[in-house]
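Asks: These protein sequence lines are chains A and B, in that order. For the first sequence, position 83 (counting from the first letter as 1) is numbered 83 according to our numbering, and the numbering increases by one without interruption. For the second sequence, position 113 (counting from the first letter as 1) is numbered 113 according to our numbering, and the numbering increases by one without interruption.
If you're looking for bench data, these hints aren't it; they were derived computationally from the structure. There could be a bad hint or two in this list.
Unchecked claim - Chain A stretches covered by chain B per the calculated footprint, using a threshold of three residues with CB under 8 Å from any CB of chain B:
id, segment
1, 46-60
2, 84-92
As the list claims (entries may be wrong) - Here are the simulated distance ranges between beta carbons:
id, chain 1, residue 1, chain 2, residue 2, range
3, A, Asp109, B, Ala19, 40 to 46 Å
4, A, Ala119, B, Phe166, 30 to 36 Å
5, B, Val169, A, Glu104, 55 to 61 Å
6, A, Pro27, B, Val169, 19 to 25 Å
Positions of the beta carbon are idealized from the N, C-alpha and C atoms, including for glycine.
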Amino acid sequence: MSHVVTIRTEVRDQAAVEAACRRLSLPPPVAGEFETFSQRLIGLGVQLPDWRYPIVCDLERGAVAFDDYGGRWGERRELDRFMQAYAVERATLEARRKGYTVAEEALADGSIRLQILVAEANA
Amino acid sequence: MKRITLLVRPDGTSVVEAAGWSGAECRAGTEFLEQALGQRLSERLTPEFYADAENGHNTSEMSKFQALSSSICHVLEEVRTSFAGGGSPKSDDKIAASVSEALIASHARGIDWNRASDEVTGGQEAMAYADRLNSGNLRSSASGDLVTGYPNGDFAIDEVEARRLFHRVRPPEIDEFVIGELFAEWHAEHGHCAEGAVVLSASQERSPSEQAGDAD
């Protein structure tokens, strides 16, 4: 091992959002304008389980906007699950695009580990 | 086989680890993931990062301290995360085993931890200062090479080496050369060095024909 980098996920890729929704058996994301209790949001909307309002992904800024009223209108755990699924799908798509081999493994603590093998010719 | 391990935590943050790469090339190898996923929160360099088999640079004590200190920090971060509910709590045995492993590694390398913290702090400050001074001429990782890639601070950079560190390098103008001469005279008059402390005619890259001339 030669270095370790920790990354905070930003949502910028529509294909990965769609793949994350499929992975979590969520309805497909919808692009458009969404009204929450206090604001109007524009972007790619994703309906999380038991959330009153959809979360809205601003792919330009990489940000996810939502109105969960401090957890009363939606469990934050569902948002975390979506962010995790997005990161896994995004990384897998990018690695395969470069011709790398990807193996996925679910861990006991809820993390997902991807092993990406880089052939010397592709390095 | 080069390998990249990506651990995506339940909260969506990711940890990228590179293995099987030599020296700083792992940074380039994992860059596509960093760009794809988002914003870098932290980076920890491991001892292998400093291994530079190509140019034979000795790994400095500072870099060893830095890497091992990072290993300890990583263990503590895992412990902190487990207590914060970000994962399954680690048992005392596992925490003790992780810390012991890092300490045994430091002992095997002859690390004096009484000096380590000052060295690491000094190195980190130097790296930050180098990055602030960088006007775009430094090659990637050059500040790291300068701060941690030398066994001590008493080194001179000649033109060949300068080209490895900087994008733009040129021979000195006449006035710069004169300043160098004056500085060398002042140095010699005040007895700051025995000999050879100031290099006026730094080595330059030579053409193949010049090198062939040496063999004649």
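Asks: Now tell me, hint by hint, if it's right for this structure.
Replies: Evaluated hints:
{"no.": "1", "hint": "46-60", "in the structure": "violated (count 0)"}
{"no.": "2", "hint": "84-92", "in the structure": "holds (count 6)"}
{"no.": "3", "hint": "Asp109(A) - Ala19(B): 40 to 46 Å", "in the structure": "violated, 21 Å"}
{"no.": "4", "hint": "Ala119(A) - Phe166(B): 30 to 36 Å", "in the structure": "holds, 33 Å"}
{"no.": "5", "hint": "Val169(B) - Glu104(A): 55 to 61 Å", "in the structure": "violated, 46 Å"}
{"no.": "6", "hint": "Pro27(A) - Val169(B): 19 to 25 Å", "in the structure": "violated, 58 Å"}
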